[in-house]
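S.K.: Residues per chain, in single letters:
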Amino acid sequence: MKEKTLSLTSGVFQEMLEAARLAAPLEACGLLAGSGARATKFYALTNADASAEHFSMLPAEQFAALKEMRLAGLKLLGLWHSHPASSARMSLEDIRLAYTPDLVYVIISLAGSGAPRIGAFLVREEIAYEIPVIVEAKENQPL
Amino acid sequence: MKIRINDLETEIAEGLTISALLAERKVKMPEMVSVQLNGAIVEREAFPTTRVGENDTVEFMYFMGGGMRGGRWEVEGGRWTLAGGKGERV
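Quick note, the sequences are listed as chains A and B, same order.
For the first sequence, the positions run 16 to 158 when the numbering used here is used.
For the second sequence, the positions run -10 to 79 when the numbering used here is used.
Hints were generated in silico from the structure; no laboratory data involved.
We treat Cβ as the ideally placed atom computed from N, Cα and C, and that holds for glycine.
Certain hints may be false.
Chain A stretches covered by chain B per the calculated footprint, using a threshold of three residues with CB under 8 Å from any CB of chain B [what the hints assert, rightly or not]: (1) 57 to 67; (2) 72 to 83; (3) 97 to 108.
Below are the BS3-like pairs computed for lysine-lysine, each with C-alpha atoms no more than 27 Å apart in a straight line [claimed, not checked]: (4) B/Lys17 - A/Lys90; (5) B/Lys15 - A/Lys82; (6) B/Lys15 - A/Lys90; (7) B/Lys15 - B/Lys(-9); (8) A/Lys19 - A/Lys153; (9) A/Lys82 - A/Lys19; (10) B/Lys(-9) - B/Lys17; (11) A/Lys90 - B/Lys(-9); (12) B/Lys15 - A/Lys153; (13) A/Lys90 - A/Lys19; (14) B/Lys17 - A/Lys153; (15) A/Lys19 - B/Lys(-9); (16) A/Lys153 - A/Lys90.
Have a look at the derived ranges for each label pair, beta carbon to beta carbon [stated by the list, open to error]: (17) B/Gly4 - A/Ala100: 30 to 40 Å; (18) B/Ala35 - A/Ala79: 17 to 27 Å; (19) A/Ala152 - B/Ala9: 45 to 55 Å; (20) A/Arg85 - B/Ala12: 53 to 63 Å; (21) A/Lys153 - B/Thr70: 38 to 48 Å; (22) A/Lys153 - B/Met18: 33 to 43 Å; (23) A/Asp117 - B/Ala29: 42 to 52 Å; (24) A/Arg36 - B/Thr38: 29 to 39 Å.
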């Protein structure tokens, strides 16, 4: 699994972080789309559970996002959700419910007082493998 | 007959129900799949009786969820719910 990485544009990362912070203390969730291993589009979906401990997406929103991705020529790359008060690791339930093959499962953690943490995982036969995440530098950012 | 499954044109036998189509496509854990037929979500109870027709568009997507509590997820009224309410902490 080490050969695979996930890149996020700065905009995607910022949108994900903002959505996670807005939803806290509840979990936020959504999808990531792009090309190859580079996520360029972020989708915030409703956490139908409105819970601080679990999330589920609404099928209607999943289908709508997928349709929009196809129209934009993008591919579904990953599923993201936030852990408002725990680490950026997959829980046993996250792993058990990782049904969609070949997706990258991204977790953004707001736990603690430091900078948010992000983790990305591939799941094979109920084992989570962490892969590197690259957050791209903001375009036109002054040096 | 021709239909589109997840945006790919596919040839299938005539008269298949959604349940039969999921089985024919060897979809693993079909109980965790949401199905959209021609843009409308098909309720799970209707999988065994809803037939797919020529040029229909079918979309399959797996349940997407997770969390700190384990349990059995069931779909009802267009959304997934954790059976029994709270589930078991994992």
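S.K.: None of the hints should be skipped; say for each whether it holds.
M.R.: For each hint, the structure was consulted:
Only residues whose beta carbon comes within less than 8 Å of a beta carbon in chain B count, and the stretch 57 to 67 of chain A has 3; three or more means the coverage holds. Only when three residues or more bring their CB closer than 8 Å to a CB of chain B does the claim for the stretch 72 to 83 of chain A stand; here the count is 7, and the claim holds. With 5 residues having a Cβ less than 8 Å from any Cβ of chain B, the stretch 97 to 108 of chain A passes the three-residue criterion, so the hint holds. For the given pair, lysine 17 of chain B sits about 21 Å from lysine 90 of chain A by alpha-carbon distance, which is consistent with the 27 Å threshold.
Between lysine 15 of chain B and lysine 82 of chain A the CA atoms are separated by roughly 23 Å; this keeps the pair inside 27 Å, and the hint holds. Taken as a hint, the lysine 15 of chain B and lysine 90 of chain A pair is honoured in the structure, with Cα atoms around 22 Å apart against an allowance of 27 Å. Pair hint lysine 15 of chain B plus lysine -9 of chain B holds up; C-alpha atoms about 18 Å apart against a cutoff of 27 Å. Between lysine 19 of chain A and lysine 153 of chain A, the direct Cα distance comes to roughly 22 Å. Compliance with the 27 Å bound is thereby established for this hinted pair.
This hinted pair checks out: lysine 82 of chain A and lysine 19 of chain A have alpha carbons roughly 26 Å apart, not beyond 27 Å. Pair hint lysine -9 of chain B plus lysine 17 of chain B holds up; C-alpha atoms about 23 Å apart against a cutoff of 27 Å. The suggested pairing of lysine 90 of chain A with lysine -9 of chain B holds, with an alpha-carbon distance near 24 Å, which does not exceed 27 Å. For the proposed pair lysine 15 of chain B and lysine 153 of chain A, the alpha carbon gap of about 43 Å is over 27 Å, so the pair is violated.
Using a Cα cut-off of 27 Å, the hinted pair lysine 90 of chain A and lysine 19 of chain A holds, with the two alpha carbons roughly 16 Å apart. About 40 Å separates the Cα atoms of lysine 17 of chain B and lysine 153 of chain A, which puts this hinted pair outside 27 Å; it is violated. Taking the CA atoms of lysine 19 of chain A and lysine -9 of chain B, the gap is near 36 Å; set against the 27 Å cutoff, the hint is violated. The suggested pairing of lysine 153 of chain A with lysine 90 of chain A holds, with an alpha-carbon distance near 22 Å, which does not exceed 27 Å.
About 52 Å separates the C-beta atoms of glycine 4 of chain B and alanine 100 of chain A, a value inconsistent with the hinted range of 30 to 40 Å. Checked against the given bound of 17 to 27 Å, the beta carbons of alanine 35 of chain B and alanine 79 of chain A, roughly 21 Å apart, stay inside it. Checked against the given bound of 45 to 55 Å, the beta carbons of alanine 152 of chain A and alanine 9 of chain B, roughly 51 Å apart, stay inside it. A beta carbon spacing of about 26 Å between arginine 85 of chain A and alanine 12 of chain B contradicts the range 53 to 63 Å that was offered as a hint.
Remark: the range hint 38 to 48 Å for lysine 153 of chain A to threonine 70 of chain B is upheld by a beta-carbon distance near 40 Å. Between lysine 153 of chain A and methionine 18 of chain B the beta carbons are some 40 Å apart, a value that agrees with the proposed interval 33 to 43 Å. Judged by the Cβ atoms, the range 42 to 52 Å given for aspartate 117 of chain A and alanine 29 of chain B is violated: they are separated by roughly 27 Å. Under the hint 29 to 39 Å, the C-beta atoms of arginine 36 of chain A and threonine 38 of chain B, about 45 Å apart, miss the expected range.
Violated hints, listed in ascending order, are 12, 14, 15, 17, 20, 23, 24; each of the other numbered hints is respected by the structure.
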